[in-house]
Amino acid sequence: MNRTLTHLDKLEDQSIFIIREAYSQFRDVAMLWSIGKDSTCLLWLMRKAFFGNLPFPVLHIDTSYKFKEIYQFRDMYAKEWNLNLIVARNEDALAGGLGPDKGKFRCCNELKTIALKQAIAKQKFKALYLGIRRDEHGIRAKERVFSPRDEDFEWDYKNQPPELWDQYKTKAAEEEHLRIHPLLGWREIDVWEYVKRENIPVTSLYFASKGRRFRSIGCESCCGPVDSEADTIDRIIDELRTTKVSERSGRAQDKESDYMMQKLRSLGYM
Amino acid sequence: MNAKTVIIGLDGVPYAMIKDFAASGVMPNTARLIDGGFFSPMRSSMPEISNVAWSSMITGKNPAEHGIFGFMELHPNSYRMRFPNYNDLKAPPFWETCQGKSVIINVPSTYPVRGANGVLISGFVSIDLNKSVYPPSLIPTLKEFDYRLDVDAQKAHKSMDLFLEDVEQTLQARIRAARHLWNYCDWQTFMLVFTGTDRLLHFLYDAYEDPNHPHHAAFVDHFRTIDGVVGEIAARLGESDRLIMHSDHGFERLDYDVFVNHLLAEKGYLHFKTGQDAIIENICFGTKAFALDPARIYLNYKGRYPCGTVEAAEAEAVLRDLESLFAALEIEGRKVIRSIHRKQDVYSGPYMDDAPDLLLIADHGFNLKGKAASDRLYSKGIFTGKHTYDTAFLLAANCDTSRLPAPPAVSDITRLFT
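The listed protein sequences derive, respectively, from chains H and R.
For what it's worth, this note's numbering labels the leading residue of the first sequence as 1, then goes sequentially.
For what it's worth, this note's numbering labels the leading residue of the second sequence as 271, then goes sequentially.
Derived by calculation from the structure, the hints in this document are not laboratory data.
Do not take every clue at face value.
With a Cα cut of at most 20 Å, we get these calculated EDC-like pairs of lysine to aspartate or glutamate [stated by the list, open to error]:
#1 H/K210 x H/E69
#2 H/K126 x H/D28
#3 H/K102 x R/E343
#4 R/K401 x H/E256
Please take these sequences and the hints and turn them into a complete structure.
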């Protein structure tokens, strides 16, 4: 049969190849599902790769501060898609009253990073699938499809396998865990075009209401909407073709003080 | 026509180094200015770090008047860090009060930029070029010059060659921008600050001291290039125009970084929440004092901090205990802290409440750090140089220096031209 591959077909094929290649190396894996459009798109690809039945758990890092739409969506589709859903929360920190009012950096660290560390330690995962994309954020441009993290969770971005011509280094040392990024080469607009083609459900937060919509979602306290009239997938795709606003412009955690801290640290301060 | 003023800032450069380079022929143009002008060691601000020192220089005020006490502060009633910037400067810089237009390039602690009568390009810690240039119409030109806000000091941690390449390219781009802006408007004051000097001194002080060091030539050449700019500028000035060169603090060889919070924790003054990282954010009850970079000591007053412990009535006793503790500190038989200052002895002004209760000045070779999570009292890292309080320099040509105290301080410089 003669078939002409579209741009989306090629992305889909490559992502499914990466998903299966990684699974052939690791059995103790899970996928991180933030319930956002990217990881939901990844989940869709996973279900295709494994013919509707994921052979590993789906992990949601729950800070307890997510939008209510996120929780509703999660519970509805976890059931519909028959997912083995693990909800990971840093219960100690939450019991101690930790929230964004105690410092955004600390809140993210405790409720996301440490909650994930705890889940990895408890479940003994050797690899994790994530739906990150290179064009989201400067630091993510340096990511690899197969990206090792050491025992301290550190990502040594200056010392990574090159991955030229799609040759992946899929092995991890004993003390490392590997992060697998099947969507790394997708752009924001690719995700939306794929959502449209496949009719993938996404939360209503992405669609404009009263002149504003969310382009990137996370915790309710730390995400701001962008000005937008895009209330359908087609209108979102049109908007992305012309916008100059960056995708994560509404995300507080990415702001300047982190860069300042990095610059001061490089000179020995702090 | 009023006399014009040109100020050339050399971040971190000590008096002795200028004297040395002037005498050895590395900085012949600077040597000529020394011959005909006023040249003296100068005191920095307390603490002797760039954002405090430059804020003091441009306002002519002390930290309790301009509100900048360090690179980081705590949010009110909290142990959370914040980074003060130009918006936190509570006194006007000289270019907002003096007559005529100004061109101000790369003064630390002027980010994010705000409007000025003339040109203002922010210096350290500037992040985004779009928020660092006034008027913004200059941004495309600066990009053409490959203008860089700052050297990427991360490079020095990886490769000294890459770092030096960046230092050189940043310097050249800064010079291109300065040449362009010299004729941009009819200015009264022109100020150009070189900050690559401070970066070199942090990482390569040893290269300055040792002629056989592989980077000695690169270090010296950096100063030779700057001296070329000094010569270029001096040649363009009229007979009555003022030329001022100065640094904001000095530098000397670093033997050990000393972690003040480690000492405070070891001696029972500082406690962290059980099982949590030893960082300021995790301070708990029982803490009497903590340090913020570099050696600003704050009493953990009840009512002022979430886990405040010190009652006003016991403050004097705690301060005395701390003074004895610091005065007695020795490492390898050497005294670590040269002098200890109470805030009312060094500051005065409306922002006294934000000032640290004690300030420490280190003795030779010791670099005091406020970093909390350190597992030892002292160590030697990648850095070979450290800031000094009393060995900055001031060189003034064609200026009335009779109003300067002896020795002058960085906050006295504006008296020469305003």
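Results for each hint:
no. : hint            : in the structure
1   : H/K210 x H/E69  : 17 Å, holds
2   : H/K126 x H/D28  : 5 Å, holds
3   : H/K102 x R/E343 : 16 Å, holds
4   : R/K401 x H/E256 : 11 Å, holds
When the structure is compared with the earlier hints, no violation turns up for any of them.
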